[in-house]
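Novice: Residue numbers (the numbering used here), protein chains in the order written: chain W, 1 to 651; chain F, 1 to 651.
Please keep in mind that the hints were generated in silico from the structure rather than gathered at the bench.
There may be inaccurate statements among the hints.
Note that identical chains are pooled: a pair holds if it fits in a single copy or bridges any two copies.
Derived DSS-like pairs (lysine-lysine); straight-line CA-CA distance at most 25 Å [unchecked claim]:
#1 K221 x K182
#2 K182 x K90
#3 K604 x K23
#4 K502 x K158
#5 K493 x K231
#6 K604 x K259
#7 K392 x K259
Number of protein chains: 2
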Amino acid sequence: MADTNPQAVPLKNVEIHDPFWSKVQETVRTQMIPYQWEALNDRIPGADPSYCIRNFKIAAGLEKGRHGGAVFQDSDLAKWIEAAAYSLEKHPDAKLEKEVDETIGLICKAQRPDGYMDTYYILNGLDQRFTDLEENHELYCLGHMTEAAVAYYEATGKDRLLKAVIRCIDLVDSLIGPEKGKIHGYPGHEILEMALVRLYRVTHNEKHLRLARYFIDERGKEPLFFEEERKKRGLPGDGNRIIRNSYHQADRPVREQEKAEGHAVRAVYLYSGMADVARETGDRSLSEACRRLWNDMTHRQMYLTGGIGATHHGEAFTYDYDLPNDTAYAETCASVGLVFFARRMLELEPRAEYADVMERVLYNGALSGMSLDGKRFFYVNPLEADPEASRKEEDHRHVKITRQKWFGCACCPPNLARLLASLGGYVCTSTPDTLYQNLYIGGTVSAVAGGIPVRVEFRSSLPLKGSVSAVVHPAGRGRFRYALRIPAWCGGKFSLLLNGEKADFQSENGYAVLDREWKDGDEIRLSMEMKVRRVFANPRVGEDVGRVAVTRGPLVYCLEEADNGPGLCRVCLPDRTVFRETAAEGLPENIVALSSDGFRFSLKNWDSDLLYADHAPTLEPCSLLWVPYYAWANRRPGEMSVWVHRFLSEP
Amino acid sequence: MADTNPQAVPLKNVEIHDPFWSKVQETVRTQMIPYQWEALNDRIPGADPSYCIRNFKIAAGLEKGRHGGAVFQDSDLAKWIEAAAYSLEKHPDAKLEKEVDETIGLICKAQRPDGYMDTYYILNGLDQRFTDLEENHELYCLGHMTEAAVAYYEATGKDRLLKAVIRCIDLVDSLIGPEKGKIHGYPGHEILEMALVRLYRVTHNEKHLRLARYFIDERGKEPLFFEEERKKRGLPGDGNRIIRNSYHQADRPVREQEKAEGHAVRAVYLYSGMADVARETGDRSLSEACRRLWNDMTHRQMYLTGGIGATHHGEAFTYDYDLPNDTAYAETCASVGLVFFARRMLELEPRAEYADVMERVLYNGALSGMSLDGKRFFYVNPLEADPEASRKEEDHRHVKITRQKWFGCACCPPNLARLLASLGGYVCTSTPDTLYQNLYIGGTVSAVAGGIPVRVEFRSSLPLKGSVSAVVHPAGRGRFRYALRIPAWCGGKFSLLLNGEKADFQSENGYAVLDREWKDGDEIRLSMEMKVRRVFANPRVGEDVGRVAVTRGPLVYCLEEADNGPGLCRVCLPDRTVFRETAAEGLPENIVALSSDGFRFSLKNWDSDLLYADHAPTLEPCSLLWVPYYAWANRRPGEMSVWVHRFLSEP
């Protein structure tokens, strides 16, 4: 089955040279990764300490002290190593590589003789390890360490960390599993599942795939493991067992899960692992579950920005069409995880819809997690923000108006770094006979299609303009299919030229497929209409009834106080106003802002002491300036809004 | 000063015979008071236990056991006694009076020799009494007990409870006060202030007024008492001292308080006490503060229903124009307290505005606290409700869709009972030369005006119709001013007839003032336009931008799922639809429902799997049925909404 499924063209075969994303990756490489190294070493003045390096130094016996930070603190370091690995793969950097090697040395020095490596239990008592899989994140940290180890091995060929995590996984495999006497458990916070499949793809050791599959298959079986574990720990088994376990997607077997529920990051990490296992094993019931959960999440529980997880209570999904804009959680990590899941769905079946969501998240809900300079980060990505509400309303306190230097729980910044540094791995998928172009990011892709090596040089003007081009270089004569995704945002309005002539293509699952014998230098030009579009939400989304949002190509736009003054909740966008491309003061030139006419409910004609009246407030014309959502909060702090009121004329 | 200020015509001089309110009072007398007696005795199956009577029995040595319920549990019993007293004043009832007398006997038996009477400390250790004025509600319970004692004394002439509370107040007065060696403190939860003034008006004992004034004057002085107390209790004095103390309106002296802040019930109880003290002492700086706080609260922080306290976090005010409909708290007790404050503002100065708010709260945000049968109660009074949100959204969990039988914290039901049972005391205020008709409730009012006793027989068709009439019976020849409030809801459209002829009147602070020599049987007819009005909120209220509400006379209307089906968030009300008076199925005949045309965003034309699109959702016509807000949730549970979308045409 795996052979007929698409697989992602791996990072090592993709070079990115893109006016938009290369700049982002440069920021990650030159700013985020070094900055986060400082953070992990507790050297950022005024930022919450990370304790990460310190914990490992203490565990390695190089320093004295107690474990600092959360039970999952190790994972921040693992994510950083992973991000550094991707960066090194494309940009050799002796200094960085030395830092990573030393860090890996430190991790190995901290590792116990039996392979155990989680600093929390090493420093707080090894006797308690594996006694609280529900909450204590050991398997989560191991999962991240595994991702880091494989990434660093693939980037540098160095296998020291790889061997270390394999020893730890052997330990886990000896303690957890179906066999009598083993713990019949699984991770409280998923990720080890997908990490094991990734490891398996390097080691080809069936044990690694088997353990991943065990975690997937065992999850949610009765008697519920976390309940049994709680009993052992003497915790009450109160009436909330379903809610408590659905938080971990562990209230029922994964194949019976109908809705995306619980902690959003956990959920998309689990679904990614499910998709990986389904792909490796050809398990149709599992891929069916992935498809069902994907649809539930992206068709009923996803913000326009691609953000998921509507509530800060448990960082969780709530229910269908419940997408509050001002109290949105939409954690950056959940966006990152949704990109993981999307790519894996593309590896189960080539459908442009998956890539559309991947693109939506990348350009909006994920990218908004970092400042333009790469040194400040959002954990929460609201679609409406008001400084006064965040200051004075308990329900809005989690909504920050400015990006933070670092977090006590700093899962998001390094997660974003590892995603962006490995972006090349998300551009294309391929089957033996087809190369799928899923993202329009400029660069070079090398793959084998139709049995011959092919190099595609790709150019993109996204998100500024909608034209892209590809020059195909087959290593010899050969027939294969080149499938270009037609993004939903162009509304089917595109032109496709082959060597300057109208191309003859088939439409297939949202792709335009060119099936021919390719000659070296064949050139494809795809022009997609990229006009400003008014977007409306399903009327079941109560929050957005009577509202409209503005998008252009893959970008969601928003209004900021910096450009439009306060009182954004009073703005109305007319149905027929012209949008003009312009620049926003204080934002880089290459960011396309949009100006439009608008109206705003006037305060002038309404006495501030008059709370209710039987005359309607009047509207006054105003001009509006829209900026890409990802770029918000890079200037002076203030209000922000994605959805604004529209004029509703009586039918 | 007191002489020139208006004063409320006391309950004993007012008989209510009103088609609307007599029915409510009958429900209170025949249902609520007996029902609550059962509740206080823990005899309501399936309801949270009250423990009230039980606590007193244990404190009196009649039973064994530990204190049950909250630290303020005694106050529920005090409120019930107060409600029973008002009821007995108008409706002698040997059985009820016997129950009250026995209860008072029980309370006196529980009282300590030194006068102390709070069961929480009697049962948990008297050594700790008065060590936590901030949180432990002893003075709050004493305040309620004082209100009950005065009410029962006024109703029956029996002074046993009165003497008991006076002994307890003497104890408090000996321990708390300005003198060296005394505690320089004040109540964490206010009410004793207004209770002491009420007591003073019976005892004329300066000590009682002085103590009330001390509590008012001392409050918020540096060093902040609650901080000193916390230090003594070894609690950290962290950085939140202002927030922590503004919760109790104790962060600064009351005369320097600019905004209604903190716990809403505490706030309006304090302001009521401030107004009482201001009235008794003629303290202008204090009445100024009352006016300022009144304006801040009612002009910037009050729901259309008269509800106050927008957030469930601390049951508190938030900030100007922050009035979320779906997460509203608007506690019933806060509405009750706002009525207290409004009457006291009317006793500081005759302004129709105060009575307008009093009427708004009574007919809407207060009355909604009880079911039509008087046996179920709301603690929280939202302006928008959705069962799914209440079930699944943590931020909405406090919003109940059905009224409850009772509460672990049952402050609201007996509070509502004591207000409604004493409604007569809120109808009129008078000065030596003027009788002010503040509420249009039918019945008989006896007062002295222009030096002669006057009896006014009043008839009202509110809230069904806008016509009222009064027949004046002076005890002899005499000139005085009869001031009839012209409610804001009639928009100045009214006719006033005196003995069938157009009356000659002066407009004064929102009243129509008839100044003449009255003859026995003079008849006044006031007809106020009572048409359905569309109401709009100040555009600074972000939640209500683009929305409209429906009112008729003093009543706010709402849509319920029972009449309109689900999806109320998708409803739009056209600007020019005709409203017809009708009846709502399942509600009593005498409740005027309103039918109108409307539109609703259609789900038919929108695929439930399509979350966002660049075509606007379509509207379909529908008919709407509106019911009075106070009557919602008396049928099958479902959605409710006060504010709906309106059509905004581009100017």
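Novice: Which numbered hints are broken by the structure, listed smallest first?
Specialist: Hint check: 2, 3, 4 and 5 fail, others pass.
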